[in-house]
Amino acid sequence: MTRQFKSRLFNSAVVAALLIATCVMIGLIMTIFIKGAPAISLDFITAPAQNFGAGGGIAYQIIGSLIMVAVAACLVMPMAFGVSLYLSEFVTSAHMKKILLTALLTLNGVPSITFGIFGLIFFVYGLGTGISWFVGSIILAMMMLPTITLSTYQTINSIPTIYRENAYALGMSQSQTIWHVLLPQGFHGAVTGLLIALARAIGETAPIMFIATAFSGVSAPRGLNEPVSTLPTHILALAQQATNPQALQNGWGAALTLMCLVLFFSLTALIFRYKLQKGQTL
Amino acid sequence: MTYGVMEDIKSIQQAEKDAVEAECLCISIGDTPILKDVSCCFPRHKITTIVGPSGSGKSTLLRSFNRIGSLTHGYKESGAVKLFGCDVTGAFETVEDLRQSVGMVFQKACVFPCSIKDNVLFGISKQRKLSKSVAAEVAETALRRATLWEEVKDRLDEPAISLSLGQKQRLCIARVLAMQPKVLLLDEPTASVDPLSVRAIENTLLSLKSDYTIIMVTHDLHQMRRIADHIVFLQDGDIVTQGTLETIKNNTDDDRIKTYFETLT
Numbered sequence: 000m001t002r003q004f005k006s007r008l009f010n011s012a013v014v015a016a017l018l019i020a021t022c023v024m025i026g027l028i029m030t031i032f033i034k035g036a037p038a039i040s041l042d043f044i045t046a047p048a049q050n051f052g053a054g055g056g057i058a059y060q061i062i063g064s065l066i067m068v069a070v071a072a073c074l075v076m077p078m079a080f081g082v083s084l085y086l087s088e089f090v091t092s093a094h095m096k097k098i099l100l101t102a103l104l105t106l107n108g109v110p111s112i113t114f115g116i117f118g119l120i121f122f123v124y125g126l127g128t129g130i131s132w133f134v135g136s137i138i139l140a141m142m143m144l145p146t147i148t149l150s151t152y153q154t155i156n157s158i159p160t161i162y163r164e165n166a167y168a169l170g171m172s173q174s175q176t177i178w179h180v181l182l183p184q185g186f187h188g189a190v191t192g193l194l195i196a197l198a199r200a201i202g203e204t205a206p207i208m209f210i211a212t213a214f215s216g217v218s219a220p221r222g223l224n225e226p227v228s229t230l231p232t233h234i235l236a237l238a239q240q241a242t243n244p245q246a247l248q249n250g251w252g253a254a255l256t257l258m259c260l261v262l263f264f265s266l267t268a269l270i271f272r273y274k275l276q277k278g279q280t281l
Numbered sequence: 000m001t002y003g004v005m006e007d008i009k010s011i012q013q014a015e016k017d018a019v020e021a022e023c024l025c026i027s028i029g030d031t032p033i034l035k036d037v038s039c040c041f042p043r044h045k046i047t048t049i050v051g052p053s054g055s056g057k058s059t060l061l062r063s064f065n066r067i068g069s070l071t072h073g074y075k076e077s078g079a080v081k082l083f084g085c086d087v088t089g090a091f092e093t094v095e096d097l098r099q100s101v102g103m104v105f106q107k108a109c110v111f112p113c114s115i116k117d118n119v120l121f122g123i124s125k126q127r128k129l130s131k132s133v134a135a136e137v138a139e140t141a142l143r144r145a146t147l148w149e150e151v152k153d154r155l156d157e158p159a160i161s162l163s164l165g166q167k168q169r170l171c172i173a174r175v176l177a178m179q180p181k182v183l184l185l186d187e188p189t190a191s192v193d194p195l196s197v198r199a200i201e202n203t204l205l206s207l208k209s210d211y212t213i214i215m216v217t218h219d220l221h222q223m224r225r226i227a228d229h230i231v232f233l234q235d236g237d238i239v240t241q242g243t244l245e246t247i248k249n250n251t252d253d254d255r256i257k258t259y260f261e262t263l264t
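Chains as they are written, first to last, in numbering that gives the first Met the number 0: chain A, 0 to 281; chain B, 0 to 264.
Hints in this document: simulated from the structure, not taken from any laboratory. For glycine and all other residues, C-beta sits at the position ideal for the given N, C-alpha and C. Some clues are possibly wrong.
Taking CB as the label site, the calculated pair distances span [stated by the list, open to error]:
{"id": "1", "chain 1": "B", "residue 1": "90", "chain 2": "A", "residue 2": "223", "range": "51 to 57 Å"}
{"id": "2", "chain 1": "B", "residue 1": "36", "chain 2": "A", "residue 2": "157", "range": "36 to 42 Å"}
{"id": "3", "chain 1": "B", "residue 1": "130", "chain 2": "A", "residue 2": "28", "range": "52 to 58 Å"}
{"id": "4", "chain 1": "B", "residue 1": "54", "chain 2": "A", "residue 2": "172", "range": "30 to 36 Å"}
{"id": "5", "chain 1": "B", "residue 1": "193", "chain 2": "A", "residue 2": "30", "range": "35 to 41 Å"}
{"id": "6", "chain 1": "A", "residue 1": "108", "chain 2": "B", "residue 2": "218", "range": "47 to 53 Å"}
{"id": "7", "chain 1": "A", "residue 1": "109", "chain 2": "B", "residue 2": "132", "range": "52 to 58 Å"}
{"id": "8", "chain 1": "B", "residue 1": "92", "chain 2": "A", "residue 2": "178", "range": "18 to 24 Å"}
{"id": "9", "chain 1": "A", "residue 1": "161", "chain 2": "B", "residue 2": "210", "range": "22 to 28 Å"}
{"id": "10", "chain 1": "B", "residue 1": "127", "chain 2": "A", "residue 2": "102", "range": "38 to 44 Å"}
{"id": "11", "chain 1": "A", "residue 1": "178", "chain 2": "B", "residue 2": "23", "range": "37 to 43 Å"}
{"id": "12", "chain 1": "A", "residue 1": "85", "chain 2": "B", "residue 2": "106", "range": "28 to 34 Å"}
{"id": "13", "chain 1": "A", "residue 1": "29", "chain 2": "B", "residue 2": "152", "range": "54 to 60 Å"}
All chains should be modelled from the sequences, with the hints used to inform the complete structure.
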């Protein structure tokens with residue numbers, strides 16, 4: 000086998016893999032769009048669900064999803080910054096750093112249902128919180144933590160030592176160096192991590208199913224201890240009514256809305272990151 | 000006069016002459032000794048160059064003067080570093096205070112991701128609050144002293160990243176000067192810049208020496224000849240000799256120095 004042939008073979012394999020992945024993605028998006036678009040209307044977006052979702056809209060499901068994810072993001076961001084700064088600036092032992100990074104990677108790979116079961120045992124039964132959207136946000140924050148932390152850590156860790164040394168040489172303390180040199184740069188990494196984690200969290204059903212959501216009969220929460228309905232759990236409930244075409248169509252409509260929300264978050268975060276990064280990269 | 004009093008007078012006189020002194024300085028990183036019982040002095044308002052082969056401990060010696068070396072994992076130090084006659088560990092309340100008095104410019108020009116003006120004020124604005132007019136004045140003075148003002152005065156709000164490498168290095172000097180240090184440490188500041196920028200930086204340093212004590216590590220012996228008033232020659236973590244260029248060239252039989260300085264001619 001000549002080198003040229005090997006190279007061509009490799010290139011073809013890469014292009015084939017790319018085509019397959021793109022086709023699957025386009026197929027998925029097109030299916031959701033074609034099946035979901037007929038259900039979308041202003042009424043569908045703004046009206047509450049009726050008849051177990053077979054009628055009405057998805058207003059409270061959108062509110063529920065947004066509240067849970069937004070609160071989870073607010074809870075997880077300071078934690079992620081803290082952990083990543085601790086890892087990059089305060090842990091001097093390479094062995095300890097390796098252990099902590101392995102723990103984070105392991106946490107990142109834990110199936111989402113495990114988080115749900117933990118929330119059920121610890122919060123709902125252990126602390127007696129009952130079904131609460133806030134507990135759901137805490138669990139989602141726990142799920143998002145390793146993704147955002149690792150992304151932030153990698154960004155902070157990639158800042159050349161010379162920047163730290165220059166800051167220290169200017170008489171800046173460690174806290175000033177962290178605040179004025181490392182955090183502004185780590186922020187890009189955190190936004191990237193948040194973007195990935197948010198996209199994952201907003202589509203999660205398993206971790207919040209038992210602890211934060213009700214499938215029907217809920218409105219916008221008026222306190223921390225109330226359940227909400229979210230888009231993923233609503234889609235799950237509608238998918239179980241397969242014999243009712245109206246329910247199925249609403250399910251596709253909810254799926255399209257969820258996809259658009261993820262896209263909106265991703266684009267917003269990307270634009271935000273681009274604007275921050277412009278002229279600010281070390 | 001007793002021996003003790005004589006010694007005191009001697010040390011006072013020395014402190015008046017020298018800005019920085021190292022006394023029996025030993026530095027190791029982990030188990031590797033870098034500097035072995037080094038004693039040397041750096042006269043006030045002069046440019047002293049620390050020269051010697053790679054791995055001789057030049058940068059380590061320089062980095063001990065503002066204790067930036069202590070950031071290195073496994074750094075161990077014994078002996079004393081004196082700044083104007085006072086031990087640096089005792090004379091300053093915090094290590095940050097010391098570093099504000101002993102400014103440092105590194106080999107690689109490092110600008111922060113902000114404007115030229117903000118870069119100049121990066122250090123000082125974290126230490127004290129500056130009004131807009133004072134900040135502008137501080138920035139202008141520092142940039143003038145670093146001989147960069149004429150080149151950047153019309154684009155102070157542009158990102159510092161847009162400057163050339165030589166300009167960036169002078170910006171780093173301006174940033175340090177804005178802190179109003181007493182001593183300026185430079186670790187091979189011209190190692191990665193073009194010859195024109197080298198000359199610009201050298202001229203900047205020559206214009207600064209009347210107000211600052213400048214200590215510079217360099218590998219460039221021609222540069223040393225151009226700007227050094229005082230030379231410290233280091234090899235294998237040990238001081239081989241120190242003095243003016245002529246003293247060193249004429250008054251030594253040491254083969255190490257001969258070999259090293261042969262490259263000059």
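Hints and how they fare:
1. Between residue 90 of chain B and residue 223 of chain A the CB atoms are about 55 Å apart, so this pair conforms to the stated range of 51 to 57 Å.
2. In this structure, residue 36 of chain B and residue 157 of chain A meet the distance hint of 36 to 42 Å, their C-beta atoms being roughly 39 Å apart.
3. Hint check: residue 130 of chain B to residue 28 of chain A, Cβ distance near 56 Å, so the stated range 52 to 58 Å holds.
4. A C-beta distance of roughly 32 Å is found between residue 54 of chain B and residue 172 of chain A, which places it inside the suggested range of 30 to 36 Å.
5. In this structure the supplied range 35 to 41 Å is violated for residue 193 of chain B paired with residue 30 of chain A, their Cβ-Cβ distance being about 59 Å.
6. Distance hint check for residue 108 of chain A and residue 218 of chain B: the Cβ-Cβ separation is about 49 Å, which falls inside the suggested range of 47 to 53 Å.
7. Distance hint check: the CB atoms of residue 109 of chain A and residue 132 of chain B are about 57 Å apart, consistent with the given range 52 to 58 Å.
8. Range check, residue 92 of chain B to residue 178 of chain A: about 21 Å between beta-carbon atoms, so the 18 to 24 Å window is met.
9. At roughly 27 Å, the beta-carbon separation of residue 161 of chain A and residue 210 of chain B lies within the given 22 to 28 Å, and the hint holds.
10. Between residue 127 of chain B and residue 102 of chain A, the C-beta spacing of about 42 Å keeps the proposed range 38 to 44 Å intact.
11. Evaluation of the 37 to 43 Å hint for residue 178 of chain A and residue 23 of chain B yields a pass: the beta carbon distance comes to about 38 Å.
12. A hinted range of 28 to 34 Å for the beta carbons of residue 85 of chain A and residue 106 of chain B is consistent with their spacing of about 30 Å.
13. Checked against the given bound of 54 to 60 Å, the beta carbons of residue 29 of chain A and residue 152 of chain B, roughly 58 Å apart, stay inside it.
Hint 5 alone, counting from the list given before, is not met by this structure.
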